[in-house]
Every structure is written in C-alpha cells, then in structure tokens.
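K.L.:
Produce the entire structure from the sequences given, and follow the hints as far as they go.
Okay, here's what each chain looks like letter by letter:
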Amino acid sequence: MFNQTTRRSFLAQGLTGLGSIALNDLFGSEFTFGITSFKPKVKRVIFLSMAGGPSHLETFDYKPKLREMDGKAMPESFTKGEQLAQLQGRALKCMGAQHDFSKHGESQMEISDLFPNIAKHADNIALVRSMHTEQINHDPAHTFMNTGSIIPGRPSMGSWVLYGLGSQSQNLPGFVVLTSTGGGQGQPISSKQWSNGFLPGHLQGVEFQSAGDPVHYVSNPNGIQSTDQRKLIDAVNKLNQIKAQQTNDREVATRIEQYELAFRMQASVPELMDTKDESQETLDLYGCKPGDGSFASNCLLARRLAERGTRFIQLYHRGWDHHGGIKKNIAKTAKIVDQGTSALLSDLKRRGMLDETLVIWGGEFGRTPMAQGSGRDHHIKAFSVFLAGGGIKGGTVHGETDELGYGVVKDPVSVHDLHATILHLLGLEHESFTFKAQGLDHKLTGVEPSKIISQILS
Amino acid sequence: MLKNFGAPSRQECTTERTDSNTPLQSLNLLNDPSFLEAARVFAENLLNKGDTKIIERAYLACLSRPPSGREMEVLDTFYQQEFERFSKNPKAAKDFVNVGASPVAADLDPAKLAATTSVARVLFNLHESITRY
Chain A
1 MFNQTTRRSF
11 LAQGLTGLGS
21 IALNDLFGSE
31 FTFGITSFKP
41 KVKRVIFLSM
51 AGGPSHLETF
61 DYKPKLREMD
71 GKAMPESFTK
81 GEQLAQLQGR
91 ALKCMGAQHD
101 FSKHGESQME
111 ISDLFPNIAK
121 HADNIALVRS
131 MHTEQINHDP
141 AHTFMNTGSI
151 IPGRPSMGSW
161 VLYGLGSQSQ
171 NLPGFVVLTS
181 TGGGQGQPIS
191 SKQWSNGFLP
201 GHLQGVEFQS
211 AGDPVHYVSN
221 PNGIQSTDQR
231 KLIDAVNKLN
241 QIKAQQTNDR
251 EVATRIEQYE
261 LAFRMQASVP
271 ELMDTKDESQ
281 ETLDLYGCKP
291 GDGSFASNCL
301 LARRLAERGT
311 RFIQLYHRGW
321 DHHGGIKKNI
331 AKTAKIVDQG
341 TSALLSDLKR
351 RGMLDETLVI
361 WGGEFGRTPM
371 AQGSGRDHHI
381 KAFSVFLAGG
391 GIKGGTVHGE
401 TDELGYGVVK
411 DPVSVHDLHA
421 TILHLLGLEH
431 ESFTFKAQGL
441 DHKLTGVEPS
451 KIISQILS
Chain B
1 MLKNFGAPSR
11 QECTTERTDS
21 NTPLQSLNLL
31 NDPSFLEAAR
41 VFAENLLNKG
51 DTKIIERAYL
61 ACLSRPPSGR
71 EMEVLDTFYQ
81 QEFERFSKNP
91 KAAKDFVNVG
101 ASPVAADLDP
111 AKLAATTSVA
121 RVLFNLHESI
131 TRY
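Protein chains in written order, with UniProt numbering: chain A, 1 to 458; chain B, 1 to 133.
It is worth saying that the hints were derived from the structure and are not from the lab. Treat the numbers as computed from the prediction; the structure is a model and nothing was measured. C-beta atoms are modelled at their ideal positions from N, C-alpha and C, and glycine is treated no differently. Among the hints, erroneous ones may be present.
To be verified - Below, computed lysine-lysine pairings styled on DSSO-like, alpha-carbon distance capped at 30 Å: (1) Lys120(A) x Lys443(A); (2) Lys243(A) x Lys49(B); (3) Lys231(A) x Lys53(B); (4) Lys39(A) x Lys349(A); (5) Lys3(B) x Lys231(A); (6) Lys238(A) x Lys88(B); (7) Lys112(B) x Lys238(A); (8) Lys289(A) x Lys3(B); (9) Lys243(A) x Lys112(B); (10) Lys231(A) x Lys91(B); (11) Lys53(B) x Lys243(A); (12) Lys231(A) x Lys88(B); (13) Lys41(A) x Lys3(B); (14) Lys231(A) x Lys49(B); (15) Lys49(B) x Lys238(A); (16) Lys94(B) x Lys231(A); (17) Lys53(B) x Lys238(A); (18) Lys332(A) x Lys3(B); (19) Lys276(A) x Lys3(B); (20) Lys120(A) x Lys335(A).
Claimed, not checked - Stretches of chain A that chain B covers, calculated by requiring three or more beta carbons in the stretch to come under 8 Å of a beta carbon on chain B: (21) 39-53; (22) 227-233.
P.N.:
So this is what it looks like as structure tokens:
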C-alpha cells in the first residue's frame with residue numbers, strides 16, 4: 001500500500017511507466033495485442049489450485065509396485081543424492097497407495113476412488129502424470145507455478161493473460177481470486193501469488209471473499225445517490241489526474257482506473273451475488289449454499305464470473321499438505337473438492353461454456369512415494385494435473401512416472417510447458433509474448449526452452 | 001480493511017509487502033462507515049475552527065501542503081454543488097452525516113456539514129492521502 005519512491009523504484013517506474021502509458025492508449029475494453037498467431041481455442045481460464053501439494057499417488061497415478069513394496073526400504077537408486085524436504089537424512093520406506101483406483105469412461109482412465117464425481121468426466125479431461133517442478137516448499141513452488149519464476153516481483157499468469165487479451169468485462173475485474181480451506185492444514189497463500197509484478201497495476205488479481213458477500217462496501221453511503229457518488233469520484237479522479245501529471249507515478253493512473261472500476265462494481269457486484277436465479281437443481285449439483293465459503297461455492301461463483309466476462313479465475317483450495325494421516329485426511333480434502341470440481345465441469349458443459357473455457361486442476365507439487373510417518377513429504381520430481389475444456393483432447397493420459405511414482409520416465413512436462421500450453425490455447429504465442437522490464441524481455445515461460453503439450457490438444 | 005490494503009495474514013512473516021492497488025480499496029475508502037464517520041468528524045473539526053479557508057485547512061491537515069490553484073478550483077466547484085444539493089434535500093444531508101457512534105454536532109448547519117463531509121471524503125480517497133511518498 002505505502003509506496004515509498006526510492007531512487008531504484010523511481011527508475012523502475014520511469015522505465016515501465018513509459019510502457020504502461022503507451023499500453024493505456026492501446027487498451028480499449030477489449031483489444032488484440034497483435035501477437036496472437038494461433039486461433040484461440042478458449043476465452044478464459046479457471047485454474048483450480050490445489051494448494052499444499054496433492055499426492056499424485058492417492059489421486060491420479062496408481063502404482064501397484066509401490067503397494068507391493070509397502071513398508072520396505074525405498075531403493076537407494078531412486079533417492080541417492082536427491083533433494084528431499086523434511087525427509088532429508090531419514091530412513092526411507094515405501095508407502096503404497098492409501099486408496100484404491102478404478103478405471104473410468106471409454107478411455108479407461110485410472111482415477112482414485114476418492115473422486116467418484118470427477119471420475120465421471122474421465123473422457124472429458126486430459127490427465128498429465130508427468131509434471132515436475134523446481135521448488136520443494138509451498139510458497140516458492142506456488143510462485144514458480146504462478147509466475148514461471150521463483151524470484152518475487154514477476155507477474156502472475158492471470159496478469160499475463162489479462163495483459164495479452166484484456167478483460168471481457170467492463171464491470172468486474174478481469175482476474176479474480178477466491179480461496180477456501182478444509183481437509184488438511186491450510187498453508188497460507190500470499191497475495192503476491194496474484195501480483196501484477198512489473199505489468200501495469202490494473203492487471204493484478206483481485207481477491208473476493210468466499211464467505212458472505214464476495215465484495216464489501218458496494219452500497220453507497222446513506223443520503224448518496226449513484227449520481228452523487230459519480231460526482232465525488234469525478235472530483236477524486238480530477239485531483240488524482242493533477243497528481244499523475246506531476247509525479248509520473250504509474251500507480252496514480254492505476255488508482256484512477258480502479259476508482260472507475262469500483263464505481264461500476266457497485267452495480268455489477270450485487271447482480272453477481274444475486275444467486276436467486278440459480279435453480280435448486282444447480283445448487284444441489286454443487287452441493288453448497290452460495291457464499292458459505294466452501295470450495296463448491298467458489299466454483300459456482302467462478303462460473304458466474306466466467307459468464308460475466310472475467311478472463312482468469314483462480315480458486316485456491318488450501319488443504320492438501322498431508323504430511324501425516326494421509327489416508328484419512330486426503331479423503332476429507334478430496335470429498336470437499338470432488339463435487340465442486342465435477343459440478344463446475346458439468347455446469348459449464350451444459351451451458352455450452354466448457355468449449356470456450358480452460359479448466360486446470362492441480363497443485364504446486366506432488367508427494368513422496370516414501371512414507372513420512374503416516375503421511376507423505378513434498379515431492380517435486382513428479383505430480384499430476386488435469387486439464388479440461390476447449391482445445392483439450394478428453395480421455396488422454398499424457399506422460400508416465402516410474403514404477404514407484406518417484407520420477408518421470410516418459411514425456412516430462414515442466415511448469416513452463418504448462419504455461420506455454422495455457423497461452424497457446426488462449427491464442428498467445430509464448431515465445432513472442434514478452435514485456436520489457438529492467439532491461440530484459442520477460443516472458444511467462446522464462447529463458448529455458450519450453451514446449452506446448454501438443455499430445456493433449458484436440 | 002487491512003486485507004484489502006494488502007496486510008499479510010499472520011501465518012508467515014513478510015519482509016516487503018506487495019504493492020496493491022485494487023477496486024476493493026476504492027470501495028473500502030468510499031463506502032466503509034468508518035471512513036464516512038471519520039470524514040464527518042473531520043468536517044466538524046474544520047467547521048468548529050471557523051468558516052473560512054476550509055479547503056486550505058483540510059489540505060494542510062491531510063497532505064501537509066496547501067492546495068494548488070487547480071485543486072482549489074476542483075474542490076470549490078464540488079463543494080458548491082454538494083452544498084446546493086444538500087440544502088435542497090435536508091433529509092439526504094441528515095442521513096449522510098448520521099453515521100457512526102460519535103454524536104453529530106447539533107450546532108452546525110446540516111447542509112454545510114454534509115457538503116464539508118463530502119469534501120473530506122474526496123481528500124480521504126486521494127492517492128496522495130493514502131500513499132507515503
């Protein structure tokens with residue numbers, strides 16, 4: 001909030017400020033950036049961030065051999081010299097899957113019995129079993145997943161997408177974040193995960209409340225009509241404009257835009273929150289009461305935001321960090337998430353919106369095949385995510401881990417590959433989608449080569 | 001309010017806060033009864049110290065500097081509009097200032113108090129007021 005202009009930040013603002021001025025001239029309500037070299041398959045993204053690191057071994061990656069080896073020493077050939085988190089220096093023992101798996105759909109996709117509802121969508125989702133990441137602790141791993149870098153201050157992918165494509169909504173933020181908890185220890189999520197970084201400030205994610213009203217203070221004060229409020233905002237913006245001309249602080253320009261959006265939100269948010277038009281059948285599908293703070297309620301709100309043009313919606317469910325008691329606890333978390341996820345997919349589909357939406361489900365890393373007491377430790381060598389929606393080839397399983405689920409043995413997918421694929425589906429070419437900051441042409445997919453996961457695309 | 005303005009949860013330490021500048025902050029400053037009450041009490045204090053140079057004194061109190069000519073012009077016009085509106089509609093003036101736990105100063109002209117409160121709201125919402133330079 002308090003922006004102390006140091007010499008360094010003044011220089012930074014000078015550089016990026018110029019960029020943002022030029023961009024503001026280009027920005028209409030919707031614009032094309034001129035770097036779309038593919039036909040976009042989807043208009044928006046709903047990212048279901050399973051925060052804490054869901055165990056791939058209990059959810060989407062069944063390993064019979066690991067069950068056979070349950071309780072036996074983990075072969076040293078896997079773990080020698082490897083970076084481990086809390087298990088570093090401990091005796092390493094295998095732990096077989098704590099829940100059973102079944103095959104689903106025409107594709108016979110193997111999915112954990114923890115997800116009876118998600119499993120119904122087997123033929124609609126593309127499952128990637130060969131994700132790997134670079135960061136073994138929650139916050140840096142989230143930062144890497146969101147920004148493509150572990151260095152704080154880089155833009156989140158929602159901001160990148162908004163930068164490239166603009167918002168489809170005049171009246172609601174283009175990048176909205178919601179969080180929920182339940183089923184495990186809720187690791188904190190910092191607001192830097194949806195920061196705009198060096199991109200212009202109006203591209204930052206806006207966190208709505210999950211419980212109660214999603215946005216507070218949308219009503220005018222007593223005795224103040226909308227026209228009166230408009231006049232007050234005009235006065236505020238005129239004075240801010242004078243300041244903007246004097247200081248070259250790009251935050252002032254952002255402030256002016258945010259007051260305009262806030263004014264429009266005073267009308268649009270009550271309409272967004274008014275769930276009277278949702279049928280009982282829909283509410284039963286999600287299994288929630290709107291605004292009850294649950295993951296399912298967030299899924300319903302995500303659909304309503306998607307309908308109203310929000311470009312990037314990110315739901316964090318903080319509850320997958322199962323270091324102990326994984327058998328019981330992952331069942332709790334899975335139960336909370338299963339119905340909402342499935343309802344969202346079904347609801348988007350029946351409204352004809354799934355074809356124009358990309359839904360992604362996944363965490364920041366996986367969990368070890370080795371036991372940590374009755375749980376599993378953080379694991380970066382392999383984890384699973386799934387994608388559904390426009391441009392996605394349903395029923396596909398991509399990539400493979402070794403027989404113990406420790407490392408990837410076929411078709412590895414990096415976080416940057418996932419980013420490249422997301423951008424591709426939105427019609428953005430990741431190699432040329434750059435922003436100049438501090439003398440570098442930054443891109444979401446970083447410096448190392450990355451590739452689109454073409455095998456999961458239709 | 002703290003969350004809207006980027007205060008971290010207390011679960012982990014934060015060496016540097018993320019810059020945040022969102023419509024939720026605008027809504028908070030515009031419509032939160034705490035800020036409305038603060039604006040009204042600020043207006044009462046200004047008026048209790050005399051009828052002249054209200055905008056100048058408000059600027060000094062909020063921003064530690066006098067307003068420029070252009071800023072004076074914007075706020076003068078705004079004050080006149082608000083004063084006329086509240087003079088014509090005493091109920092709106094009364095509803096507007098009647099916010100919060102602190103008692104409303106009964107001896108002040110309601111339209112004048114309401115219009116001055118509006119000016120205070122403008123000042124409380126300025127980027128310069130809420131940003132440390």
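K.L.:
Could you run down the list of hints and mark each one as holding or not?
P.N.:
Status of each hint after checking the structure:
1. Lys120(A) x Lys443(A): The hint is violated at about 37 Å.
2. Lys243(A) x Lys49(B): holds (28 Å)
3. Lys231(A) x Lys53(B): holds (22 Å)
4. Lys39(A) x Lys349(A): holds (21 Å)
5. Lys3(B) x Lys231(A): Measuring from Cα to Cα gives roughly 28 Å; hence the hint holds.
6. Lys238(A) x Lys88(B): holds (26 Å)
7. Lys112(B) x Lys238(A): holds (23 Å)
8. Lys289(A) x Lys3(B): holds (24 Å)
9. Lys243(A) x Lys112(B): holds (28 Å)
10. Lys231(A) x Lys91(B): holds (19 Å)
11. Lys53(B) x Lys243(A): holds (22 Å)
12. Lys231(A) x Lys88(B): holds (17 Å)
13. Lys41(A) x Lys3(B): violated (36 Å)
14. Lys231(A) x Lys49(B): holds (27 Å)
15. Lys49(B) x Lys238(A): Distance ~28 Å between Lys49(B) and Lys238(A) Cα, so the pair holds.
16. Lys94(B) x Lys231(A): OK: Lys94(B) and Lys231(A) at ~19 Å, within 30 Å.
17. Lys53(B) x Lys238(A): OK: Lys53(B) and Lys238(A) at ~21 Å, within 30 Å.
18. Lys332(A) x Lys3(B): At roughly 28 Å apart (the allowed maximum being 30 Å), Lys3(B) and Lys332(A) satisfy the hint.
19. Lys276(A) x Lys3(B): holds (29 Å)
20. Lys120(A) x Lys335(A): It holds: about 15 Å lies between the C-alpha atoms, which stays within 30 Å.
21. 39-53: violated (count 0)
22. 227-233: This one holds; 5 residues, not fewer than the three required, reach chain B with a Cβ under 8 Å.
Hints 1, 13 and 21 from the list above are not met by this structure, while the remaining hints are.
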